[in-house]
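Novice: Produce the complete structure using the sequences and hints provided.
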Amino acid sequence: MSSASPMISVQNVWKVFGNNPEKVIGSADANLSRTELRAKTGNTIAVRDVSFDVAPGEVFVVMGLSGSGKSTLVRCMTRLIEPTQGQLQFEGEDILKVDEKRLRELRKTRFSMVFQHFGLLPHRKVIDNIAYSLEINGVKKDDRHARANEVIELVGLQGYAHAYPEQLSGGMQQRVGLARALAVDPQVLFLDEPFSALDPLIRRDMQQEIIRLHYELGKTMVFITHDLSEAVKVGDRIAIMRDGAIVQIGTPQELVANPADEYVANFVRDIAKSHVLTLKHIARKAEPGDATDGPELPSNTIIRDAAQVILQSHKPVRVNDNGTALGIVSSEDVLRLISGGV
Amino acid sequence: MKSLFGRRSAIVTAAIATALVLSGCGSSVNDSASEASGDCGSYAIAMHAWGGYTASAQVIADVARQELGCTITQTTLEEGPVTYDAMEAGTIDLIIEDWGGGRWKDWSDRGAVVEAGENGNIGIIGMYVAPWMVEKYPDITDSKNLNKYAALFKTADSGGKGAWFEGPTGYTTIGEKMVSANKLNFKVIFSGSEAALVDGFIKAEKNKTPFIGYAWQPWTLHSKLPTLEAARVKFPANDWSDPAAASGLTDYPSTPLIKLMSKKLNDANDPFTSLVKNFKWTNADQNGVAADLENGMTAEEAAKKWIDANAATVASWVGK
Amino acid sequence: MKVRKSYLLLASVTVWILLGRLLNGTHTLQIATYENTPFTSFVGEKALDLRGNRTESPAFIYFFNPIRGAIDGFVQMIRNLIAVPGQNSVIPVIGWLGVVAIVAFVVYATSQWRTALLSVSLLLACGALGMWQFTMDSIAMTLAAVLLSLAIGIPLGIWAGLSDRVLKIFTPFLDLAQILPTLVYMAPIALVFMIGAASATIATMIYSIPIAIRITSHAIRSLNQAPVEAAESMGSTNMQKLSKVQIPMAKQMIVLGINQTVMAAVSFVVIAALIGAPGLGKPVIDALIIRNVGQGFVAGFAVVFLAILLDRSTSAAAKRQVSFIPPTQKQIKTKRLTLIVAGILAVVSVFVSRTMLWAAVWPKEVTIAPQVAKVTNDITAWILENLTIFTVGFKDLISYGFLNPLETQLAASPWYVTVGMIVALALIIGGTRTAIMSFVLSMAIVLSGLWYEAMLTLTQTIVGCLLTMIVGLALGIWTGRSDRVEKVLRPFLDAGQTLPAFVYLVPMLGLFGPTRFTAIATGIVYSIPVVVKIVSEGIRAVPQTLIEAATAAGSTTRQIITKVQLPAAKKTILLATNQGLIYVLAVVVIGGFVGAGGLGYLVIAGNSKPELQGKGLIAGVAILLLGVIFDRIMQAGARRSS
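Line by line, the protein sequences give chains L, H and U. With this note's numbering applied, the first sequence corresponds to residues 1 to 342, in that order. With this note's numbering applied, the second sequence corresponds to residues 1 to 320, in that order. With this note's numbering applied, the third sequence corresponds to residues 1 to 642, in that order.
It is possible that part of the hints are untrue.
What the hints assert, rightly or not - With the Cβ distance kept under 8 Å, some of the chain L side facing chain U (calculated, not the full set):
| id | residue |
| --- | --- |
| 1 | R107 |
| 2 | K108 |
| 3 | I136 |
Stated by the list, open to error - Derived pair list, reagent style DSS-like, types lysine-lysine, alpha-carbon separation capped at 27 Å:
| id | chain 1 | residue 1 | chain 2 | residue 2 |
| --- | --- | --- | --- | --- |
| 4 | U | K333 | L | K141 |
| 5 | U | K251 | L | K141 |
| 6 | U | K244 | L | K140 |
| 7 | H | K177 | H | K144 |
| 8 | U | K46 | H | K263 |
| 9 | H | K277 | H | K305 |
| 10 | L | K23 | L | K108 |
| 11 | U | K330 | L | K141 |
| 12 | U | K46 | U | K168 |
| 13 | H | K304 | U | K364 |
| 14 | U | K244 | H | K304 |
| 15 | H | K224 | U | K374 |
| 16 | H | K305 | U | K330 |
| 17 | U | K487 | H | K203 |
| 18 | L | K101 | U | K244 |
| 19 | U | K241 | L | K141 |
| 20 | L | K97 | U | K46 |
| 21 | H | K105 | H | K136 |
| 22 | L | K141 | U | K244 |
| 23 | L | K140 | U | K241 |
| 24 | H | K206 | U | K374 |
| 25 | H | K280 | H | K263 |
| 26 | H | K105 | H | K263 |
| 27 | H | K136 | H | K208 |
| 28 | U | K46 | H | K105 |
| 29 | L | K108 | U | K241 |
In short, the hints are calculated from the structure, not lab data. The model shown is predicted, which means the values in this text are computed figures rather than measured ones. Each residue gets a CB set at the ideal place from its N, CA and C atoms; glycine is no exception.
Specialist: Below you can see the structure in the form of structure tokens.
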């Protein structure tokens, strides 16, 4: 996936909390477990030597359990938290070197953020929340309201412009959060567990919404979540974090099919494989007795999408990868996978 | 931000502003009422809290208002340095009765406070027993016999000795010195306020319980307990001429009470200045007014009664 | 661990008692009241020099005196507006009708008509009590002190809310200001700023600024951080973050802080009269001096009315914005219309109050003061007549049973024995740091030369606090467990907290005479409301699940109280004890007015006798040191127990 010029490049970023954080990096202490380190020096390593690139237009998901450092990482990327060490480039510009003024300019115009707990200003109407960043950009009131109304339409908040945040449901509030982030038309959206605080049904709607927005606007996104199924659903690539370090980066299929270690394997075990894997992963050689004249499907079809065809067909489906026959998939194969086997 | 709060506070501000502007212009009661002034300025009299003081202060204040047309404010505050400071600061102009025996010296040395002579009252301070005890123990008023009765005066607070109720905080008190100089088996209890003493004497007299406490003349308590003066304990006389010789003090001296003026009042030399200098009356005068106060008259009523009855004296004060 | 601690405590108390008995009467450091130590006479001389310097030294000419002048001028301006006639006039700028109308209008504008009605009734009641001018003076003083306190306190509070370092620097001062009995710092202030409105205002501000700072900083700190972070992520500057996000969000709580600041200032109204504040304090203190219970209560009621008025009108303003959602257009229109009408009425009333004498000066005939005074006097007389036997009996019981033995132990033991005991207690309860601090502070008291008096005050404070805790715990548990009791007691607790201690010093004096117990009883009455409130909150804060679990296990009510609620609320109860101690200490000091002796007497005597001035000032410091020792030991204990 890595193209010639990434949108964001993160190289060897560390964040250590506590006194004299620089001393920990590179010392033997850096290899201690978190509890040992805290007992010894009082420091906590939140982000440990993390590197990755994000391509333009990509949805890059950082996935990890709570305390894995993913929220700290995303804050380091916008310098809401200063990284202790490392390089961070945004369209080739070294973010860690820019002064306060330039940093504010970047925040105002190039990247914006969506928060788990929305972070809406309770004393402002929806429209003034959305127009906030335009307001501090010095945009005149009429102009910023016009822009805010556009975004309101984009996220489906028509009719709520003059409501106050606390009059809205959680899902609606996060739409405001999204709209606010989109108002300045940024290159990159950072979404910090944007849907974790929402009910499951609303969460699903919002995930669809993100997918739609990404499709329509093509923004680069860095998406933080603790929910693997969400990661799989929205992410082009997923980085799995544990104790501040990245364990594995890959497409959903790569993670499910080839977990790097036990930890990742444990993680992906519960994922409904039918939602992630394609026919390519379960195609097998036709055995004697298998009918070989069933319907034909491309090998990159996700199993879930192929399921109906396969289950309704009385014969196994033939899997075709750009003209090459890879094998067949029968109803039994699909049922076995869905019910938890391989 | 078209919140109601904003709009509402705008209305409120506007209304208050209008009110203030209105009050700044237009005719007011003030204009029609700025009559009485004469050539007497406006002064503040310190109001100390005891009844006798109130009597004197109210009388001179009302005379100044009615006869001289002065503007007089009466300000309650504690006696002593507090008031001297206020005089130095220019917020008080007159103390009509000071018992302090020269403790204003630091201030008068600086010229902040000026003595205006005696006010005619003679202050007598002493230790008094509850009057009923004099009848029962006739020799108790001789200080030599006090130790004989010390056990009678024991209370929960006196640590096994007799309880000796000392005067209020600001007053001249030498109880500890008297106890040691007269070798008395008593413990000094600071009653802290005049009220505490009044209470102590009246209760003791009523319940026929033993009590020895600080009292003085002129004082309104005497009108409630007419036999109190006879219950004064006589101590050997002592030499008051040298207050520094502290340890030898055996009793309080009689004190002529002093009037004190602020520098401003002294320098003004206007009718009020001469009224202050001329003001002089007797213990009986003061006790009379104080008794009326005590019996429920307001200060103004009591003062008026005395002023009306003593036109000649008043005339001599104001020089008419 | 717990067992060992109590054994240690027991052992050290035993040793202390034995040593105290053995060495009774030696090294007590007692000196006669009129005697000075070299240190106190040195301080006294310096104080006298200071008085003399006030017209000469540059520090006064260029710093203190201008401050005094400015504050005096400010206060005088407000007073001239509503309370006293200015130069060449016989009435204030706005007469009583105008004041009533303005109050009604402002309260109506910031809350509802019901509160406005209440405020007007309370104001009129103050007038009917014959206290109109005193009340106006008190309002003027309070207003001046509050405005200045907020002007200083809110910015500092915001600063402390934004910066951890600033908060860290402020905290010890804020803590100190909470412990400091008011009587203590009035003398030094009066020394520098002289008796008068300026000193009173500054003393009030010292009391109320810390509250404004504390609440403002807490308001900023306790904000939902998500919007703040969001604003930062959008590139706001710190100023934009503050003005567009933090302050608007914290506004509601800051207004609550204004309410608390106002209440602090009101509670100062009475005591400030001691250093020349005009207002309701004067009649209260006069009543104390001539022991007129009726007059004391008339003025005391006016103080309470004023306190309720200011509380309700400012807390309503705080509550009005529970939600950030403003009312609908229609509501706005109706309110705006009524506001305009009310505004016109107010303006007309102000105008009338300037042109008509009846509306300018409160009519003397409209008064209920004599009746109120008579009723309270009669009630008091009856109580004195009929209950003195009980009260004196109770007083003697406490005096012989607790006060005298404890006083012997504390004051008649050699100083080093008692210091040793205090340090041992601090060590066992609070640990090494607390012990070192207690040692240093105790030694400072010893060196000040006022150890003996300090021990007298300590005795009274301890006994007062014990009694307070007995009553306060019982009432606190009761109110904590029953909503009905809480509902009934609440108004009394509120009134008890606003009624100045001076007001009940007068009837207490009647009941107990000039004794140590009078001071203690006043301290108890004064501190019980706060203890009850804290304890009942602690009891209420015990999770319901715990109680349900205990009930399900078949506990009796008594077991639930002793085994569940009290242990769970232990920390709160320790804090309540701490508050109780500080409150009792503050009042025991005032007890110097009614025969309690000790440090309080010296503070008061220092105010009125030049030769005792140094001793009085040092006594103030010694009270503060005692308070800090208490506070540190108790706080350390509370910290450790949690």
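Novice: Quick one, are U:K244 and H:K304 close enough, alpha carbons at most 27 Å?
Specialist: violated (65 Å)
Novice: Verify the proposed pairing of U:K241 with L:K141, using a straight-line Cα cut of 27 Å.
Specialist: holds (19 Å)
Novice: Has the given pair, U:K46 with H:K105, been kept, meaning a C-alpha gap of at most 27 Å?
Specialist: Holds, at about 16 Å.
Novice: Are U:K330 and L:K141 close enough, with their CA atoms no more than 27 Å apart?
Specialist: holds (25 Å)
Novice: For the pair supplied as a hint, H:K304 and U:K364, confirm whether the alpha-carbon distance does not exceed 27 Å.
Specialist: It holds: about 18 Å lies between the C-alpha atoms, which stays within 27 Å.
Novice: Need the status of pair L:K23, L:K108: alpha-carbon distance at most 27 Å?
Specialist: violated (34 Å)
Novice: Against the 27 Å threshold, does the CA-CA distance of H:K224 and U:K374 hold or violate the hint?
Specialist: holds (19 Å)
Novice: Under the criterion that the straight-line Cα-Cα distance not exceed 27 Å, is the pair U:K244, L:K140 satisfied?
Specialist: holds (16 Å)
Novice: Return the status of the interface hint for L:I136: holds when the least beta-carbon distance to chain U is below 8 Å, violated otherwise.
Specialist: holds (5 Å)
Novice: For the pair supplied as a hint, U:K251 and L:K141, confirm whether the alpha-carbon distance does not exceed 27 Å.
Specialist: OK: U:K251 and L:K141 at ~24 Å, within 27 Å.
Novice: Against the 27 Å threshold, does the CA-CA distance of H:K177 and H:K144 hold or violate the hint?
Specialist: Holds, at roughly 16 Å.
Novice: Holds or violated: U:K333 and L:K141, Cα atoms, limit 27 Å.
Specialist: holds (25 Å)
Checked against the numbered hints given earlier, the structure breaks hints 10, 12, 14, 16, 17, 20 and 21 and satisfies all the rest.
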